[in-house]
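Peer 1: If you want the building blocks of each chain, they are given just below.
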Amino acid sequence: MSAAQNTADMFETDLLERHRGLRTGRTTLPLRSDEDVVNLRKQVRERAVAIALSLVDQTKLVTAASELARNTIKYGGGGGVHLDALADGIRQGIGLIFVDNGPGIPDIELALRDGYTTGGGLGLGLSGSKRLCDEFAIDTRPGEGTAVSVVKWKR
Amino acid sequence: MDRIPILRMGDLLLVTIQVDMHDRLAMTLQDDLTERIVSDGAKGVLIDISALDLVDSFIGRMISNTAAMARVLDARTVVVGMQPAVAITLVELGLTLHGVKTALNVEKGMALLGKNIF
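So the sequences go chain by chain: A and B.
All letters in the first sequence, in the order written, are residues 1 to 155 by the numbering used here.
All letters in the second sequence, in the order written, are residues 1 to 118 by the numbering used here.
Hints in this document: simulated from the structure, not taken from any laboratory.
Among the hints, a few may not be true.
[Unchecked claim] If you want the ones that stay clear, here's a sample from chain A, every Cβ over 10 Å from chain B, calculated:
| # | residue |
| --- | --- |
| 1 | 19 |
| 2 | 27 |
| 3 | 35 |
| 4 | 37 |
| 5 | 41 |
| 6 | 52 |
| 7 | 85 |
| 8 | 92 |
| 9 | 108 |
| 10 | 137 |
| 11 | 153 |
| 12 | 155 |
[As the list claims (entries may be wrong)] Simulated DEER-style distance windows between Cβ atoms:
| # | chain 1 | residue 1 | chain 2 | residue 2 | range |
| --- | --- | --- | --- | --- | --- |
| 13 | A | 50 | B | 111 | 55 to 65 Å |
| 14 | B | 111 | A | 90 | 41 to 51 Å |
| 15 | B | 2 | A | 89 | 20 to 30 Å |
[What the hints assert, rightly or not] Cβ-to-Cβ under 10 Å is the rule here; a few derived chain A residues that face chain B:
| # | residue |
| --- | --- |
| 16 | 34 |
| 17 | 56 |
| 18 | 57 |
| 19 | 60 |
| 20 | 70 |
| 21 | 118 |
| 22 | 125 |
| 23 | 129 |
| 24 | 131 |
| 25 | 135 |
None of these values were measured; they are calculated from a predicted model.
Backbone N, C-alpha and C define an ideal beta-carbon position, used for all residues, glycine too.
Generate the whole structure from the sequences, applying the supplied hints.
Peer 2: Dropping the structure here:
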């Protein structure tokens, strides 16, 4: 429950309730340290294996999770992530929603451009994650925080 | 503190990454490798990533930077053993590891560095 409490004060966004009707389970993990990122990668990999995502899709989802988790910690000052099990009819998927109470992203279009970074990185985290997943949505509010949602469906 | 071991073979340095690296561990490896290139007078660095099931932008950048640092220290770097799923993901992510030499396995990597294992 500690992880849920971590995210309890996060700003309200419709994005958190995306796919509500398709959700069959939710786990919430904290994102504060390097070790949390490694743990998230492990958890996402296990879930991806459990619904039999192809090896390439597993790798894409875990990599996107790693990028976005790092953003949450580095730019959002830490936060949490919801791991959602999704089912749309017989189609299964995994949804990840990253939430922080950080400063928000002033210019989304710019932030989604390859190579744009304010943190000295490669500027591939957001744009790259978008390419690696089937669905991508972002809700960011200056001074309140940022929520990023990605989904990978089993093909 | 966690460290990834660096083995010396003649004037080559060998690294096999077998753990899921967190960011600090990746940075430590980069620092350790550059130090060892100088202290051991190494001419080549071989990084085996066959056990890695993920290379994200941070690890990718560490590999690129290490290769660039090795180059200005007069050593060549070869990255070997990348899994196909990792290669697909890396390119789609937008990382091409520009300037990094690669080989399919350790043996071919050694050959690329002008050495024979046997």
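Peer 1: So, for every hint listed, does it hold in this structure?
Peer 2: Taking the hints in turn, this is what the structure says about them:
{"no.": "1", "hint": "19", "verdict": "23 Å, holds"}
{"no.": "2", "hint": "27", "verdict": "19 Å, holds"}
{"no.": "3", "hint": "35", "verdict": "6 Å, violated"}
{"no.": "4", "hint": "37", "verdict": "6 Å, violated"}
{"no.": "5", "hint": "41", "verdict": "6 Å, violated"}
{"no.": "6", "hint": "52", "verdict": "15 Å, holds"}
{"no.": "7", "hint": "85", "verdict": "21 Å, holds"}
{"no.": "8", "hint": "92", "verdict": "19 Å, holds"}
{"no.": "9", "hint": "108", "verdict": "18 Å, holds"}
{"no.": "10", "hint": "137", "verdict": "19 Å, holds"}
{"no.": "11", "hint": "153", "verdict": "16 Å, holds"}
{"no.": "12", "hint": "155", "verdict": "14 Å, holds"}
{"no.": "13", "hint": "A:50 <-> B:111: 55 to 65 Å", "verdict": "41 Å, violated"}
{"no.": "14", "hint": "B:111 <-> A:90: 41 to 51 Å", "verdict": "49 Å, holds"}
{"no.": "15", "hint": "B:2 <-> A:89: 20 to 30 Å", "verdict": "45 Å, violated"}
{"no.": "16", "hint": "34", "verdict": "4 Å, holds"}
{"no.": "17", "hint": "56", "verdict": "5 Å, holds"}
{"no.": "18", "hint": "57", "verdict": "9 Å, holds"}
{"no.": "19", "hint": "60", "verdict": "5 Å, holds"}
{"no.": "20", "hint": "70", "verdict": "7 Å, holds"}
{"no.": "21", "hint": "118", "verdict": "15 Å, violated"}
{"no.": "22", "hint": "125", "verdict": "6 Å, holds"}
{"no.": "23", "hint": "129", "verdict": "8 Å, holds"}
{"no.": "24", "hint": "131", "verdict": "5 Å, holds"}
{"no.": "25", "hint": "135", "verdict": "16 Å, violated"}
When held up to the earlier numbered hints, the structure conflicts with 3, 4, 5, 13, 15, 21 and 25 and fits the remainder.
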